[in-house]
Every structure is written in C-alpha cells, then in structure tokens.
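Read left to right, the sequence shown gives residues 0 to 152 (numbering that gives the first Met the number 0).
If you are wondering where the hints come from, they were derived from the structure by calculation, not from laboratory data.
Below, computed lysine-lysine pairings styled on BS3-like, alpha-carbon distance capped at 25 Å:
1. 36 - 46
2. 148 - 36
3. 148 - 37
4. 89 - 134
5. 148 - 39
6. 99 - 148
7. 89 - 39
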Amino acid sequence: MTWIEVVDSALKIGLGAFIGAGTGYLTLKMNHKHEIKKIKIDRAHKKLDEINLLYIDFSVQSHRLIEIFEYKSCDTTSSDYIDYLTIFHKLQILSTERVKATATTTFNAVLAHIIANKQNGVGELHDQLRDEARKTLAVFQVVTRSDSKQCAI
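Please model the complete structure; the sequences and the hints are all you need to start from.
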C-alpha cells in the first residue's frame, strides 16, 4: 500500500465519520425540538381541560345556589358559598378578560339573588333577581363555550 492509498483511505474514513456525526447531530436536534413541541401542546391541553372544568364547576355551582336559595337567604359563611367564591376567584386568575367580565356579572347576579332577604315572602323583586341570575349564567355559558373553541384551535 502506498502513502497515497493510505491518505485516500484515511480521508474516506474521516469524511464518512464527519457525515455520520453531522446527520446524527441533526437527527438529535430535530427529535429534541419535536419533544419540546409535544410537551408544550400537552401542557396547553392540560390547562384547557383545567379551565373547562372550572367553567363547568362555576356553572353548576351557580345553578345549584340559585335552586338551593330560591326561598331562603344564603349565609355567606356556608360551605356552599365559600366553594362558589373559591371557584369564582380561580376563574378570575386563569381566564381570559372576556370570561372574567362575564363571570363577574354572573357572580354578582347570583349573589344578589341568593343573599336577598326572603323572610317576607317572594315577590316581583325575587323573580327579577332569579331571572337575571339565570340570564347572566346563560351568557356566561355562551362566552365560555366560545372561549373554549378558540383555545382549542
């Protein structure tokens, strides 16, 4: 074997190793980017699921309080009210501005209905407060449905 053949073989081996290292690096880099993207998507889906559960909890608890306190006034130290307040504040922290505004309107309407004095019987004001609470809750549900669809896209 002459020195030219040795140099030729060494160059071929070196070039092959260089190409192998380069493609290995590029493959590793692409896999890493893909994994990061996958993790971000999983986190976004998890957050969306968490927020959707909050929307559902808030709607259910609003309906529940409207029905429970139809003919009696709510005690603001009750666990039902405290749970409702907790869900409301979680919504205020995690939601979009549009949902926050709608949740606040709904919360205020439900609160006006459940805290109203019902000892003297129920009348027109009672019916108005109840109907307003139900209307704002319906608006909240429409807004959150729209918000959930936008986040899912």
